[in-house]
Amino acid sequence: MRARVLVRPKEGILDPQGQAVERALPALGFSGVSNVHVGRLIELEVEDPEQLPAMCERLLSNPLIEDWEIEEPGR
Amino acid sequence: MSSIASSPKHRQLGLTDFEYDRILERLGREPLEVELAMLSLMWSEHCAYKHSRRLLRRLPTQGKHVLMGPGENAGAVDVGGGLAVAFKVESHNHPSAVEPFQGAATGVGGILRDVFAVGARPIAVLDSLRFGDPDTSERSRYLLERAVAGIGHYGNSIGVPTVGGEIYFEPSYEQNCLINAMCLGLAPHERLIRSAAAGPGNVVVLLGALTGRDGIGGASVLASAELGEGDEAKRPSVQIGDPFSEKKLMECCLELLDRELLVSLQDLGAAGLTSSASEMASKGAVGLDIDVAHVPLREPGMEPFEIMISESQERMLCVVEPARVDEVLAVCERWETNPTVVGEVTASDRLRVLQDGDVVADVPVSVLVDDCPLYDLEPRAPAAPLDAVPHIGDERPKNPDETLLNLLRSANMCSRRPVWEQYDPIVGSRTVRRPDEADAAILALPDGSAIAVSIDGNGRRVACDPRAGAAEAVFECAANLAAVGASPLGLTNCLNFGNPEKPAVAWQLVEAVEGIAQACEALEVPVVGGNVSLYNESPDGAIFPTPVIGMVGKLPDAARAGRLGFAQEGDEIAIVGSFAPARAGSELAKLEGEPPVGPLPFKEVQAVRDAHGAVRDGIRAGALHSAHDIAEGGLAVALAECCIAGGIGAKVATDVDLFGEDLGSAFVVSGPRLEGLEVIGRVGGGQLEIEGRLALAVSALREARAGGLAASLG
Amino acid sequence: MKFGIVQFPGSCDDVDALGAASRVGEATLLWHAERDLKGVDAVIVPGGFSYGDYLRAGAIARFAPVMEEVAEFARAGGPVLGICNGFQVLCEAGLLPGALLPNTSLRFVFRQVELEVVDPDTPFTCACARGERLSIPVKHTTGRYYAPGPVQVVLRYARGHNPNGSQDDIAGVRNEAGNVFGLMPHPEHAVDRLTGSTDGLKIFESIREHVEHRVFA
Numbered sequence: 001m002r003a004r005v006l007v008r009p010k011e012g013i014l015d016p017q018g019q020a021v022e023r024a025l026p027a028l029g030f031s032g033v034s035n036v037h038v039g040r041l042i043e044l045e046v047e048d049p050e051q052l053p054a055m056c057e058r059l060l061s062n063p064l065i066e067d068w069e070i071e072e073p074g075r
Numbered sequence: 001m002s003s004i005a006s007s008p009k010h011r012q013l014g015l016t017d018f019e020y021d022r023i024l025e026r027l028g029r030e031p032l033e034v035e036l037a038m039l040s041l042m043w044s045e046h047c048a049y050k051h052s053r054r055l056l057r058r059l060p061t062q063g064k065h066v067l068m069g070p071g072e073n074a075g076a077v078d079v080g081g082g083l084a085v086a087f088k089v090e091s092h093n094h095p096s097a098v099e100p101f102q103g104a105a106t107g108v109g110g111i112l113r114d115v116f117a118v119g120a121r122p123i124a125v126l127d128s129l130r131f132g133d134p135d136t137s138e139r140s141r142y143l144l145e146r147a148v149a150g151i152g153h154y155g156n157s158i159g160v161p162t163v164g165g166e167i168y169f170e171p172s173y174e175q176n177c178l179i180n181a182m183c184l185g186l187a188p189h190e191r192l193i194r195s196a197a198a199g200p201g202n203v204v205v206l207l208g209a210l211t212g213r214d215g216i217g218g219a220s221v222l223a224s225a226e227l228g229e230g231d232e233a234k235r236p237s238v239q240i241g242d243p244f245s246e247k248k249l250m251e252c253c254l255e256l257l258d259r260e261l262l263v264s265l266q267d268l269g270a271a272g273l274t275s276s277a278s279e280m281a282s283k284g285a286v287g288l289d290i291d292v293a294h295v296p297l298r299e300p301g302m303e304p305f306e307i308m309i310s311e312s313q314e315r316m317l318c319v320v321e322p323a324r325v326d327e328v329l330a331v332c333e334r335w336e337t338n339p340t341v342v343g344e345v346t347a348s349d350r351l352r353v354l355q356d357g358d359v360v361a362d363v364p365v366s367v368l369v370d371d372c373p374l375y376d377l378e379p380r381a382p383a384a385p386l387d388a389v390p391h392i393g394d395e396r397p398k399n400p401d402e403t404l405l406n407l408l409r410s411a412n413m414c415s416r417r418p419v420w421e422q423y424d425p426i427v428g429s430r431t432v433r434r435p436d437e438a439d440a441a442i443l444a445l446p447d448g449s450a451i452a453v454s455i456d457g458n459g460r461r462v463a464c465d466p467r468a469g470a471a472e473a474v475f476e477c478a479a480n481l482a483a484v485g486a487s488p489l490g491l492t493n494c495l496n497f498g499n500p501e502k503p504a505v506a507w508q509l510v511e512a513v514e515g516i517a518q519a520c521e522a523l524e525v526p527v528v529g530g531n532v533s534l535y536n537e538s539p540d541g542a543i544f545p546t547p548v549i550g551m552v553g554k555l556p557d558a559a560r561a562g563r564l565g566f567a568q569e570g571d572e573i574a575i576v577g578s579f580a581p582a583r584a585g586s587e588l589a590k591l592e593g594e595p596p597v598g599p600l601p602f603k604e605v606q607a608v609r610d611a612h613g614a615v616r617d618g619i620r621a622g623a624l625h626s627a628h629d630i631a632e633g634g635l636a637v638a639l640a641e642c643c644i645a646g647g648i649g650a651k652v653a654t655d656v657d658l659f660g661e662d663l664g665s666a667f668v669v670s671g672p673r674l675e676g677l678e679v680i681g682r683v684g685g686g687q688l689e690i691e692g693r694l695a696l697a698v699s700a701l702r703e704a705r706a707g708g709l710a711a712s713l714g
Numbered sequence: 001m002k003f004g005i006v007q008f009p010g011s012c013d014d015v016d017a018l019g020a021a022s023r024v025g026e027a028t029l030l031w032h033a034e035r036d037l038k039g040v041d042a043v044i045v046p047g048g049f050s051y052g053d054y055l056r057a058g059a060i061a062r063f064a065p066v067m068e069e070v071a072e073f074a075r076a077g078g079p080v081l082g083i084c085n086g087f088q089v090l091c092e093a094g095l096l097p098g099a100l101l102p103n104t105s106l107r108f109v110f111r112q113v114e115l116e117v118v119d120p121d122t123p124f125t126c127a128c129a130r131g132e133r134l135s136i137p138v139k140h141t142t143g144r145y146y147a148p149g150p151v152q153v154v155l156r157y158a159r160g161h162n163p164n165g166s167q168d169d170i171a172g173v174r175n176e177a178g179n180v181f182g183l184m185p186h187p188e189h190a191v192d193r194l195t196g197s198t199d200g201l202k203i204f205e206s207i208r209e210h211v212e213h214r215v216f217a
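Protein chains in written order, with my numbering: chain A, 1 to 75; chain B, 1 to 714; chain C, 1 to 217.
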């Protein structure tokens with residue numbers, strides 16, 4: 001099964017990458033953009049999707065500073 | 001005879017009809033698809049040097065310290081104590097204009113591989129960069145920012161310090177940025193290895209990254225043609241670098257060499273497997289069979305020609321005796337470098353490519369490596385000075401104070417700290433002088449001596465006067481070494497020019513090579529290797545002719561290495577050397593809107609040698625506390641830089657032209673007692689005062705110099 | 001005494017740490033794939049780009065076989081020093097609190113900085129005085145220290161010297177037991193007058209002092 005894991009910085013942690021993108025967009029003519037955060041996408045083929053949460057907790061994210069989310073299959 | 005059906009294809013691949021006819025004649029038949037792809041790359045300007053090879057024979061290559069001259073992956077010189085330093089400079093101009101981060105990164109990756117391919121551990125990287133005007137060109141700011149990030153990314157990650165470099169901004173480079181990367185490496189003499197394959201029956205092993213479609217056609221499509229419309233379409237051809245992969249590859253190769261497990265070693269660069277295999281076979285006067293079915297692939301379904309010309313990075317080819325293959329595989333497994341037996345050395349004189357045993361290409365090695373036509377340049381001095389660039393700037397500042405501040409603020413003179421703070425200059429624990437501390441970078445050797453290295457070249461001045469300007473670059477590089485107490489051992493050069501098929505550019509190239517040759521002969525410094533990058537042109541015209549010189553030298557005592565900043569209150573200050581400053585090609589002339597028109601100051605060779613020797617000896621003896629060559633910006637800028645670096649002022653009296661330039665001839669030195677020199681003043685106080693002419697607080701000088709690039713880097 | 005310096009694929013300052021430690025005691029490299037600490041008295045996890053900083057800096061290295069031994073060694077009270085990438089590895093491994101985030105500037109920064117010794121009562125700073133200033137270089141992209149809970153700070157960047165936006169100017173922290181210490185600056189690059197300051201030597205000398213005299217119980 002093909003899975004997609006999204007990892008993003010936890011709320012409240014300074015995200016300078018997100019801020020940099022937020023600053024750059026208006027300069028290119030895009031307005032009305034706010035609350036930008038930059039994270040990571042991990043795509044993988046898994047035989048047992050039940051293992052995904054444990055993978056996220058142990059390796060794919062650092063739970064101290066990141067939140068993770070498994071995209072529902074079929075989305 | 002070329003048929004109508006096949007000629008458009010060879011032309012698409014960059015071969016002329018004349019060249020295609022020669023292929024038909026040498027092969028005695030039409031080339032197969034794989035063969036045509038291989039030939040189109042091996043016969044490209046980038047690989048074959050067809051417009052420059054004859055000319056480069058003018059350069060002197062002999063010297064008593066030379067261990068390996070031009071023709072190997074890198075040149076090497078003896079530095080004493082049983083050690084050798086291997087070094088080379090290479091360009092990655094065209095890929096960087098398309099994708100500057102990866103272009104610059106893979107430029108660094110490529111030159112690192114050239115150095116460890118000869119068995120030397122890379123210990124330093126320097127880079128020489130050229131961009132358009134950052135004040136007016138967003139694109140140039142973007143290229144600068146991304147290229148610096150790419151160089152930092154690769155060099156820092158692989159753990160080789162970036163110890164020096166230079167950056168120039170000129171409208172001339174707006175459409176054609178230049179990214180030249182130099183690397184030097186250290187090896188015990190016994191570990192130096194050549195690339196000649198040998199021993200029919202020996203095994204050919206491929207190590208490193210998987211092979212994908214990176215850079216397919218890169219060599220002929222990008223590097224041999226002028227940039228025009230639609231270069232976005234070339235983006236799939238961009239090579240992506242992985243410094244982690246190269247770190248493992250480097251450690252693996254050095255261990256294989258330490259254990260004497262290899263017959264020969266070659267890196268895969270432009271034209272990938274094709275050029276490595278061809279060159280290894282050619283140097284060894286043997287043949288090679290490569291079976292592409294064994295090459296580990298990153299992309300499914302790659303065709304044989306793609307596998308043979310892929311420029312996927314971080315790969316090496318080696319030749320191993322059959323009895324030692326298991327040991328080689330074991331070392332490679334430990335370093336996770338994915339070793340694969342891909343072929344064998346044969347007693348024929350042919351390169352054969354097989355796919356699972358079926359022959360898909362079978363070409364004499366000489367056709368790939370030697371039979372490319374070499375073209376004579378048809379130089380013709382231009383009737384009027386070449387000046388395709390708009391004049392910029394027309395400021396007429398009223399007094400020397402303002403002129404000096406404007407020069408220090410200008411893009412070419414301002415502090416490069418925002419750039420070098422993105423590099424790691426100290427990993428390896430050999431770095432004795434950090435950026436901005438001295439005129440050359442200095443790396444300590446185990447026995448207490450040190451290597452000095454500098455990279456220099458000023459395209460504007462070469463545009464004024466190609467022969468004198470190119471010679472001047474060599475003298476300036478040597479002056480930078482002298483200022484730290486080093487004697488030159490050898491030189492590498494990158495010739496960055498426009499389209500050599502145009503007579504005026506050919507003239508620039510011929511004159512520049514002559515200038516370099518004469519300067520090398522005058523200083524007795526041999527050329528041990530180098531690189532040529534041609535066709536740096538756009539519809540707007542060619543770049544300034546830009547020969548870049550990288551020079552390596554040695555000093556006996558690392559602890560006595562020179563510094564450029566004034567050191568001590570009360571020290572005497574003097575100018576050493578026969579200084580003949582002139583306005584032509586100077587930074588001030590540029591600021592005041594003048595085009596680059598010569599002539600440059602005449603250099604009396606013995607006077608230059610004497611000046612370099614005097615400074616070098618003074619530094620070694622500890623008689624000089626500081627030495628700084630007078631370069632761009634002239635005397636006033638040199639004095640300002642000494643004050644800024646030392647954090648202390650100076651008071652001098654002199655009639656010498658403050659802003660005229662004469663590179664490589666003279667130095668500002670300071671010391672407690674300068675015997676036999678004409679003292680012009682003393683170190684001390686908080687301002688730079690040139691009596692009756694100029695007075696500025698050191699803090700004002702520092703502030704003017706500090707700003708510039710930070711704004712451009714965003 | 002003997003120092004062990006862990007070597008991962010991609011470690012760069014391992015050889016520098018080896019050289020610095022060798023000025024103070026014996027030193028040996030510890031290969032990542034081997035569960036063997038060779039009887040060393042102190043472990044150093046060095047700087048560099050282990051595993052290319054893939055996924056997150058230190059995220060993969062922390063699972064290396066040698067790290068199981070290092071964790072055991074730390075549990076038993078052995079001194080463990082993490083420098084730069086090593087600090088990142090120890091945080092990912094849970095041997096130190098907190099995490100290292102990208103520098104606020106989003107750029108790699110090389111700079112000589114001044115540090116203040118906040119806690120001289122550790123095996124790594126016992127040769128220093130409280131409030132002493134150490135001049136040591138930093139070189140990193142991901143050095144912004146973050147910890148939501150309480151931390152034992154050992155070193156701070158002096159005022160105006162914070163190069164990466166670390167909370168409370170924190171440059172180095174220890175674990176509760178006091179035997180594991182991580183810092184972003186590189187003391188191994190401040191041990192030789194020829195190449196810079198020698199203030200970093202005090203960190204290594206402290207470790208030797210601790211091991212030889214067991215100053216810190």
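What the hints contain is simulated information worked out from the structure, not anything from laboratory work.
Being a predicted model, the structure only gives us computed values, none of them experimental.
Be a bit skeptical, because a hint or two may be false.
As the list claims (entries may be wrong) - Label-pair restraints from in silico Cβ distances:
#1 Ile13(A) with Asp617(B): 56 to 64 Å
#2 Glu303(B) with Ile42(A): 26 to 34 Å
#3 Arg58(A) with Arg23(C): 51 to 59 Å
#4 Arg139(B) with Val38(A): 47 to 55 Å
#5 Ile42(A) with Glu336(B): 18 to 26 Å
#6 Pro49(A) with Arg130(C): 36 to 44 Å
#7 Pro188(B) with Ile13(A): 23 to 31 Å
Unchecked claim - Chain C side only, calculated, beta carbon under 10 Å to chain B, not exhaustive:
#8 Pro9
#9 Gly19
#10 Glu26
#11 Leu29
#12 Ala76
#13 Gly77
#14 Pro120
#15 Val191
Cβ atoms here follow ideal geometry from the backbone N, Cα and C, with glycine treated the same way.
Results for each hint:
| no. | hint | verdict |
| --- | --- | --- |
| 1 | Ile13(A) with Asp617(B): 56 to 64 Å | holds (58 Å) |
| 2 | Glu303(B) with Ile42(A): 26 to 34 Å | holds (31 Å) |
| 3 | Arg58(A) with Arg23(C): 51 to 59 Å | violated (39 Å) |
| 4 | Arg139(B) with Val38(A): 47 to 55 Å | violated (24 Å) |
| 5 | Ile42(A) with Glu336(B): 18 to 26 Å | holds (21 Å) |
| 6 | Pro49(A) with Arg130(C): 36 to 44 Å | violated (54 Å) |
| 7 | Pro188(B) with Ile13(A): 23 to 31 Å | violated (49 Å) |
| 8 | Pro9 | holds (6 Å) |
| 9 | Gly19 | holds (6 Å) |
| 10 | Glu26 | violated (18 Å) |
| 11 | Leu29 | violated (12 Å) |
| 12 | Ala76 | violated (29 Å) |
| 13 | Gly77 | violated (31 Å) |
| 14 | Pro120 | violated (27 Å) |
| 15 | Val191 | holds (8 Å) |
Checked against the numbered hints above, the structure violates hints 3, 4, 6, 7, 10, 11, 12, 13, 14; every other hint is satisfied.
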